[in-house]
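Q: Using the hints, put the two standalone chains together into the complex.
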Amino acid sequence: DTGVSQDPRHKITKRGQNVTFRCDPISEHNRLYWYRQTLGQGPEFLTYFQNEAQLEKSRLLSDRFSAERPKGSFSTLEIQRTEQGDSAMYLCASSLKAGGRGEQFFGPGTRLTVL
Amino acid sequence: AQKVTQAQTEISVVEKEDVTLDCVYETRDTTYYLFWYKQPPSGELVFLIRRNSFDEQNEISGRYSWNFQKSTSSFNFTITASQVVDSAVYFCALSEFLNSGNTPLVFGKGTRLSVIA
Chain A
1 DTGVSQDPRH KITKRGQNVT FRCDPISEHN RLYWYRQTLG QGPEFLTYFQ NEAQLEKSRL
61 LSDRFSAERP KGSFSTLEIQ RTEQGDSAMY LCASSLKAGG RGEQFFGPGT RLTVL
Chain B
1 AQKVTQAQTE ISVVEKEDVT LDCVYETRDT TYYLFWYKQP PSGELVFLIR RNSFDEQNEI
61 SGRYSWNFQK STSSFNFTIT ASQVVDSAVY FCALSEFLNS GNTPLVFGKG TRLSVIA
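Protein chains in written order, with my numbering: chain A, 1 to 115; chain B, 1 to 117.
Hints are computed from structural coordinates only; laboratory data are not their basis. There's no promise every hint is true.
[Stated by the list, open to error] Calculated cross-link-like contacts (lysine-lysine; reagent style PhoX-like; alpha-carbon spacing at most 25 Å):
no. : chain 1 : residue 1 : chain 2 : residue 2
1   : A       : Lys57     : B       : Lys109
2   : B       : Lys109    : B       : Lys70
3   : A       : Lys71     : A       : Lys57
4   : B       : Lys109    : B       : Lys3
5   : A       : Lys57     : B       : Lys70
6   : B       : Lys70     : B       : Lys16
[Said to hold, decoys possible] Label pairs and their in silico Cβ distance ranges:
no. : chain 1 : residue 1 : chain 2 : residue 2 : range
7   : A       : Arg64     : B       : Thr20     : 30 to 36 Å
8   : A       : Thr38     : B       : Thr78     : 36 to 42 Å
9   : A       : Pro70     : B       : Gly43     : 38 to 44 Å
10  : B       : Val46     : A       : Leu115    : 27 to 33 Å
11  : A       : Leu115    : B       : Asp29     : 39 to 45 Å
12  : A       : Leu39     : B       : Asp29     : 29 to 35 Å
[Unchecked claim] What the simulated footprint calls covered on chain B by chain A, stretch by stretch (three residues with Cβ under 8 Å from a Cβ of chain A suffice, anywhere in the stretch; the number is not a length):
no. : region
13  : 45-51
14  : 57-68
15  : 85-97
16  : 104-112
We treat Cβ as the ideally placed atom computed from N, Cα and C, and that holds for glycine.
Excised from the complex, chain B in its bound form (with noise of 0.2 Å):
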């Protein structure tokens, strides 16, 4: 079975300061992609990145970054310089990619950021 779990519920931080929120997933399979989605106030996820469990390498893109480790079955996710327009929630998820395609995607339960300014 399918499992992520961030453990942070609510995090604070002060504007410019830099944020990581963990994400820890559980598969079975070897095969899976896992993302990060924002959620702001006003409801509508939004698609922040993606990886695939054949890509270890870790990135950044402008102002996010992420570090992915199978061996500790961790995708992390980390804010440089947070702005107060990063105050949401941040959802990691995970699906299982299978002949057919990607199975749903399986989520956990959020960390709510609140950039102070």
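The following block holds chain A by itself, in its conformation from the complex (with noise of 0.2 Å):
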């Protein structure tokens, strides 16, 4: 399988506790995305990579999130002191930037639920 995969798949956590998600990119994509989705919504941009640099880190919901690509193949996703409200699908996306394509495609995602 080629695909976008990320681990785990279902986490589930009582609050105050740090989490750690992990997405690995198909192999030759070298940009990589990661989404947040409520019931009921459309994903929701969180942050992206080119490589190991962090493109844009702004809309990370708080400073509890952050994320790492540290060798520009696989990416985690941290949660601190997690909170109800983290409960969401995260998921994760890659996409080649040269050729302006555009196309992301999606890993199965990690399902969060906070206690």
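A: So this is what it looks like as structure tokens:
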């Protein structure tokens, strides 16, 4: 399978705990995106990378959210001191920068439940 | 600022009927891309179609077709002869094209399509 993969698929945690999600993009894709999707809404952009450079992070929901892509391959999204409002589906996508085609390919998502 | 509006929250059709999903967008840029994605009950977003702002030619791909009209900022999507497997939430999305590449996607709220056998 050469698609975007995310781990874990589901995470249940208690309020106040830290969680980390991983995303492995399609291997030749140099761009990687994180989105959040709540029930009944479309995905909402959080942050993205080109190779290891984080191009935009102002849309991260608070300073409790951070993301890395240290070697330009996989990425992690961490949420510190989770709150019940963080419960959502966290989606990762990847794309090629070149060519301006722009379509992003999404992983299956990580569903976070904060109790 | 970019915005995508999908006014239809839910649509139900009987199998084999044609169905059109509406999408209206807002952007200040002249160069942009429009997309339709499908999200079946499994949850994974599946890319369906892409159209750039330079090309208003409407196309048909299998049972899918789309109608892009810059004059009305609309990018409607039609499924012909709908099938039960088409039941899903459909999202319209917009991305602007910069020298640094495409901007992240801005999504509408989605339209839930139910195809009844």
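Q: All the hints need checking, so say for each whether the structure fits it.
A: Structure-based check of all given hints:
Restraint check: the Cα-Cα separation between A:Lys57 and B:Lys109 comes to about 22 Å, which is no more than 25 Å; the hinted pair holds. Taking the CA atoms of B:Lys109 and B:Lys70, the gap is near 21 Å; set against the 25 Å cutoff, the hint holds. With a C-alpha separation of about 18 Å, the suggested pair A:Lys71 and A:Lys57 falls inside the 25 Å cut-off, and the hint holds. Between B:Lys109 and B:Lys3, the direct Cα distance comes to roughly 11 Å. Compliance with the 25 Å bound is thereby established for this hinted pair.
At roughly 31 Å between alpha-carbon atoms, A:Lys57 and B:Lys70 are farther apart than 25 Å, so this suggested pair is violated. For the hint pairing B:Lys70 with B:Lys16, the CA-to-CA distance comes to about 30 Å; that exceeds 25 Å, so the pair is violated. Checked against the given bound of 30 to 36 Å, the beta carbons of A:Arg64 and B:Thr20, roughly 42 Å apart, lie outside it. For A:Thr38 and B:Thr78, the Cβ-Cβ distance of about 28 Å falls outside the hinted range of 36 to 42 Å, so the restraint is violated.
Evaluation of the 38 to 44 Å hint for A:Pro70 and B:Gly43 yields a failure: the beta carbon distance comes to about 28 Å. Evaluation of the 27 to 33 Å hint for B:Val46 and A:Leu115 yields a pass: the beta carbon distance comes to about 31 Å. In this structure the supplied range 39 to 45 Å holds for A:Leu115 paired with B:Asp29, their Cβ-Cβ distance being about 43 Å. Take A:Leu39 and B:Asp29: their Cβ atoms lie about 31 Å apart, and the range 29 to 35 Å holds.
Counting residues of the region 45-51 of chain B whose beta carbon lies closer than 8 Å to any beta carbon of chain A gives 4, which meets the minimum of three for the stated coverage. Interface restraint, the region 57-68 of chain B with chain A: violated (0 residues with C-beta to C-beta distance below 8 Å; minimum three). Counting residues of the region 85-97 of chain B whose beta carbon lies closer than 8 Å to any beta carbon of chain A gives 4, which meets the minimum of three for the stated coverage. Evaluation of the coverage hint for the region 104-112 of chain B: fulfilled, as 7 residues show C-beta separations to chain A shorter than 8 Å, against a requirement of three.
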